[in-house]
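Below, each chain spelled out in residue letters.
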Amino acid sequence: MLAYILRSLMQGLVVMLAVAFIAFSMFRFVGDPVVNMLGQEATLQDRAELTERLGLNDPVPLQFARFVADAVRGDFGISYRQGRKVSSLILERLPATVELAVLSAIFAFVTGIVFGVYAAIRRDGWIANVVMSVSLIGVSLPTFLIGIGLIYIFAVELRWLPSFGRGDTVQIGWWSTGLLTVSGLKSLVMPVLTLGFLQLTLVMRLVRSEMLEVMRADFIRFARARGIPERRIEFRHALRNTMIPVITIAGVQLGGVIAFAIVTETVFQWPGLGALFVNAVQFVDVPVMSAYLLFVAFVFVLTSLLVDIVYVALDPRLRGGTLVPAK
Amino acid sequence: MKPRYLALAAALFGVSVLALGAAEAKPVKWASAGDALTIDPHGQNEGLTTSVNQHMYESLTERDHAGKLHPLLASSWKVLPDDPTTWEFKLQEGVKFHDGSPFSADDVVFSYERAMQPTSDFKGYLTSVEKVTKVDDQTVRIKTKGPNPLLVNNTSSIRIMSKAWAEKNNATKAQDFKNKEENFAVRNANGTGPFVLVSREADVKTVMKRNENYWAKAKVPLEITELTYVPIKQDATRIAALLSGEVDFVQDVPVQDIARLKSQPKIRVTSGPENRTIFFGMDVASKDLKGDNVEGKNPFADQRVRQAMNMALNRQAIQRVVMRGESIPTGIILPPFANGWTKELDAAPATDVAKAKALLAEAGYPNGFSVTLHCSNDRYINDEGICQAAVGMFGQIGVKVNLVSQSKSIHFNLIQKNPPETEFYLVGWGVPTFDSDYVFSYMYHSRTGSQGSWNATGYSDKDVDAQIQTLSKEIDIAKRDATIAKIWAKVKDETIYLPIHHQSLSYGMNSTLDIPVDVSNNPKLKMVSFKGS
Chain A
770 MLAYILRSLM QGLVVMLAVA FIAFSMFRFV GDPVVNMLGQ EATLQDRAEL
820 TERLGLNDPV PLQFARFVAD AVRGDFGISY RQGRKVSSLI LERLPATVEL
870 AVLSAIFAFV TGIVFGVYAA IRRDGWIANV VMSVSLIGVS LPTFLIGIGL
920 IYIFAVELRW LPSFGRGDTV QIGWWSTGLL TVSGLKSLVM PVLTLGFLQL
970 TLVMRLVRSE MLEVMRADFI RFARARGIPE RRIEFRHALR NTMIPVITIA
1020 GVQLGGVIAF AIVTETVFQW PGLGALFVNA VQFVDVPVMS AYLLFVAFVF
1070 VLTSLLVDIV YVALDPRLRG GTLVPAK
Chain B
454 MKPRYLALAA ALFGVSVLAL GAAEAKPVKW ASAGDALTID PHGQNEGLTT
504 SVNQHMYESL TERDHAGKLH PLLASSWKVL PDDPTTWEFK LQEGVKFHDG
554 SPFSADDVVF SYERAMQPTS DFKGYLTSVE KVTKVDDQTV RIKTKGPNPL
604 LVNNTSSIRI MSKAWAEKNN ATKAQDFKNK EENFAVRNAN GTGPFVLVSR
654 EADVKTVMKR NENYWAKAKV PLEITELTYV PIKQDATRIA ALLSGEVDFV
704 QDVPVQDIAR LKSQPKIRVT SGPENRTIFF GMDVASKDLK GDNVEGKNPF
754 ADQRVRQAMN MALNRQAIQR VVMRGESIPT GIILPPFANG WTKELDAAPA
804 TDVAKAKALL AEAGYPNGFS VTLHCSNDRY INDEGICQAA VGMFGQIGVK
854 VNLVSQSKSI HFNLIQKNPP ETEFYLVGWG VPTFDSDYVF SYMYHSRTGS
904 QGSWNATGYS DKDVDAQIQT LSKEIDIAKR DATIAKIWAK VKDETIYLPI
954 HHQSLSYGMN STLDIPVDVS NNPKLKMVSF KGS
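Heads up: the sequence lines are chains A and B, in that order.
Plus 769 on top of the position in the first sequence (first one is 1) and you've got the working numbering.
Plus 453 on top of the position in the second sequence (first one is 1) and you've got the working numbering.
Each hint should be verified, as a subset may be incorrect.
[To be verified] EDC-like cross-link-like pairs, simulated, lysine to aspartate or glutamate; straight-line CA separation at most 16 angstroms:
no.: 1; chain 1: B; residue 1: LYS943; chain 2: B; residue 2: ASP967
no.: 2; chain 1: B; residue 1: LYS861; chain 2: A; residue 2: ASP801
no.: 3; chain 1: B; residue 1: LYS719; chain 2: A; residue 2: GLU818
no.: 4; chain 1: B; residue 1: LYS977; chain 2: B; residue 2: ASP705
no.: 5; chain 1: A; residue 1: LYS955; chain 2: B; residue 2: GLU699
no.: 6; chain 1: B; residue 1: LYS870; chain 2: A; residue 2: ASP937
no.: 7; chain 1: B; residue 1: LYS870; chain 2: A; residue 2: GLU818
no.: 8; chain 1: A; residue 1: LYS854; chain 2: B; residue 2: GLU654
no.: 9; chain 1: B; residue 1: LYS658; chain 2: A; residue 2: ASP801
no.: 10; chain 1: A; residue 1: LYS854; chain 2: B; residue 2: GLU635
no.: 11; chain 1: B; residue 1: LYS598; chain 2: B; residue 2: GLU927
no.: 12; chain 1: B; residue 1: LYS584; chain 2: B; residue 2: GLU620
no.: 13; chain 1: B; residue 1: LYS479; chain 2: B; residue 2: GLU679
no.: 14; chain 1: B; residue 1: LYS719; chain 2: B; residue 2: ASP741
no.: 15; chain 1: B; residue 1: LYS479; chain 2: B; residue 2: GLU699
no.: 16; chain 1: B; residue 1: LYS482; chain 2: B; residue 2: GLU654
no.: 17; chain 1: B; residue 1: LYS584; chain 2: B; residue 2: GLU566
no.: 18; chain 1: B; residue 1: LYS945; chain 2: B; residue 2: GLU927
no.: 19; chain 1: B; residue 1: LYS870; chain 2: A; residue 2: ASP815
no.: 20; chain 1: B; residue 1: LYS977; chain 2: B; residue 2: ASP967
no.: 21; chain 1: B; residue 1: LYS662; chain 2: B; residue 2: ASP552
no.: 22; chain 1: B; residue 1: LYS658; chain 2: A; residue 2: ASP937
no.: 23; chain 1: B; residue 1: LYS482; chain 2: B; residue 2: ASP967
no.: 24; chain 1: B; residue 1: LYS479; chain 2: B; residue 2: ASP967
Simulated from the structure, these hints should not be mistaken for lab results.
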């Protein structure tokens, strides 16, 4: 068990280093921060001086080593765009993204499972058919369009919900939350729907097909033969077995939602990490970009580690399998 | 439960205050695509940063929305009669900073010295300055290295901060990225301006309230009680916020939305020219272009080729189709309100494909040639669309253009590299000093140490360089203007750049407001007075 987790940790570390290197080397091609940082009046000499001040003239391996050493200490430098510590920028933006991601994940999983189960049990009913067709739209429409569509209906035409931003927030320690104010909750509705929609359709389709699969399995047939009531078979036996793969992908999906909330955050001017990253890319704000990429990698490594642990807990066979070679 | 009662009490209190006839709250929410980068007044010389900061920090002079220079913190100025290298500024009396401390000559000297430091982004405006000295509390002298007739034009860009406040908060230097430290002035402000900073959350919102003790209250309406600036990056979201009434003023309306906004009864749209001209530059100096299909020769080096390309451009079509009428086609890379502009210079050659083809044939390219054009796609209004349209127009005379359009952070790098990494490119240029000298020294002067930093054409003419250099020292205005006219006549004839148009801007607002387009795109909201309501 311990060896298994240690090995996962080692893998995670390798992934982090690889991402750090890719992030770092990619930035050498995205553009020159000096151009953006100096106004149009800059002379050739100004540019040379600033390049030197930013340490961009040093050999690349040295720059990378410095980058990794600083990153390990949690020091990502100063944002070129805002002139503030990158670590504090990220911490400031984290609550907005986490609240958005967690709420849309909950929305996606709860509704996804409910509709999925329904579509599996009443697979020929007209509601099930409508749900399945709508989910097709959900998969094929880009997030951007869904967001803009919602804004036009609920903000411009009906004026029920705000079109951008996070509304009023309440500060609890370093965490700022929008969950405790009316305008904060109102502001969450459309971004949560937009970000959750794709996940919702994926979960729903997965639950439906898994459930249909399980319903054809031998043990369900035996259960029917034993005369167990249909309701009980559906919810006790079938749903339980359906949930194992669904729960294991949940962790990975949550990581994905946090990492790729970029489009939703841009459409709704949501002050989270995704929007921070988009602004950083346009300004070639290298310290922010690299810190963000490392953060995303970290979230993925962490969630897949958690999923590994959950696997072990759920499946006793895995436990034995990894312990033996470790001895 | 508690907060709800509190809110209720606050609301009741607010209503009763209003009922008692106290000053009516008139907040304005103002949105644009990006955020101010910092509120350190000498940190970043960038449009939006200036737009926001000028509401809190003021300079010795200011420009109105048409670009005309007016006194602000300085009440008057003159060049000393016996010393043409020294300017003397008399300062306004009774001016106070937001923290209540009085404004004096010490603050001006301090701010100018701060703006001249290597880490300041405004030092470019003050390269000619040798020393700034205090004569008395109300008088400052600026000594320049040689006579500088234009110094006062640059003073509208240098904002004044309080010396005592900066010293107390350890913010005497503009942000330096090497020391990895934050600077107090990046998030805090103490100026003399019409609005006082309440809160600043970068990329989220910046809230300012009216400065009730504003020294120039009598001269401006100053009706807005609370000013909130919010960046909204997505065009569609920004316009939706205006339509839904969540914001009152949108500084950048995309051209495709103008017609739709104009049809709304509660929305007003104002349009006008910006201090910026869009044009193509060509490598006129290299022996051989890398990106063309002509071996051993540079077609752009031939003046006839450049003239032919100038003739191939259909500026009216670009204005009509790409810009939907929102631009002013031109034949010169200088905006109309800048010193040196004339109607004759602004005239572009008529589009004439046959004549252009003949010129190309005469220059030895009867079948044309091919070349690569670099274009930005996120900097100017419809920049990529302009390039696409131009590609077709050049194609009509046989010049096959291969278009590469990319983000500004990569595009500008190509132009600024030494030597430049582009041979044919789109760029836009504004003239903050409102004088031709600015265009000459950045766009036409040979690329040497401090000059020609944006001249990627390789154009270098000793004669022109010498004439440009006299402009910064000549104090006889008539003589100076004559030199400007002479230089324009020469460089326009040489066709070093292919001017396209002066960029136009559109502001969208709730119809109780009427904010004219500012040529520098720095709307001054202290000038706002509400209509009706």
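Do the hints match the structure? See the list:
Taking the CA atoms of B/LYS943 and B/ASP967, the gap is near 42 angstroms; set against the 16 angstroms cutoff, the hint is violated. Among the hinted pairs, B/LYS861 with A/ASP801 is consistent with the structure: their alpha-carbon atoms are about 10 angstroms apart, no more than 16 angstroms. Taken as a hint, the B/LYS719 and A/GLU818 pair is broken in the structure, with Cα atoms around 51 angstroms apart against an allowance of 16 angstroms. This hinted pair checks out: B/LYS977 and B/ASP705 have alpha carbons roughly 15 angstroms apart, not beyond 16 angstroms.
Taking the CA atoms of A/LYS955 and B/GLU699, the gap is about 14 angstroms. The hint holds against a cut of 16 angstroms. Our distance criterion of 16 angstroms between C-alpha atoms is broken by B/LYS870 and A/ASP937, whose separation comes to about 46 angstroms. As the CA atoms of B/LYS870 and A/GLU818 are separated by approximately 14 angstroms, the hinted pair is consistent with the 16 angstroms bound. Proposed proximity of A/LYS854 and B/GLU654 is supported: the alpha carbons are some 14 angstroms apart, at most 16 angstroms.
A threshold of 16 angstroms between alpha carbons decides the hint, and for B/LYS658 with A/ASP801 the separation of about 28 angstroms lies outside it, so the pair is violated. Our distance criterion of 16 angstroms between C-alpha atoms is met by A/LYS854 and B/GLU635, whose separation comes to about 7 angstroms. In summary, the hint linking B/LYS598 to B/GLU927 is supported, as the alpha carbons are separated by about 13 angstroms, within the 16 angstroms threshold. Using a Cα cut-off of 16 angstroms, the hinted pair B/LYS584 and B/GLU620 is violated, with the two alpha carbons roughly 21 angstroms apart.
This hinted pair checks out: B/LYS479 and B/GLU679 have alpha carbons roughly 7 angstroms apart, not beyond 16 angstroms. As the CA atoms of B/LYS719 and B/ASP741 are separated by approximately 58 angstroms, the hinted pair breaks the 16 angstroms bound. For the given pair, B/LYS479 sits about 14 angstroms from B/GLU699 by alpha-carbon distance, which is consistent with the 16 angstroms threshold. At most 16 angstroms may separate the alpha-carbon atoms for a hinted pair to count; B/LYS482 and B/GLU654 meet this at roughly 15 angstroms.
Simply put, B/LYS584 and B/GLU566 have alpha-carbon atoms about 9 angstroms apart, close enough for the 16 angstroms limit, and the pair holds. For the proposed pair B/LYS945 and B/GLU927, the alpha carbon gap of about 23 angstroms is over 16 angstroms, so the pair is violated. For a cut-off of 16 angstroms, the pair hint linking B/LYS870 to A/ASP815 stands: about 13 angstroms separates their Cα positions. For the hint pairing B/LYS977 with B/ASP967, the CA-to-CA distance comes to about 12 angstroms; that is within 16 angstroms, so the pair holds.
The straight-line distance between the Cα atoms of B/LYS662 and B/ASP552 is roughly 14 angstroms, inside the 16 angstroms bound, and the hint therefore holds. For the hint pairing B/LYS658 with A/ASP937, the CA-to-CA distance comes to about 12 angstroms; that is within 16 angstroms, so the pair holds. This hinted pair checks out: B/LYS482 and B/ASP967 have alpha carbons roughly 14 angstroms apart, not beyond 16 angstroms. The hinted pair formed by B/LYS479 and B/ASP967 meets the criterion: a straight-line CA distance of about 15 angstroms does not exceed 16 angstroms.
Against the hints set out earlier in the document, violations occur for numbers 1, 3, 6, 9, 12, 14 and 18.
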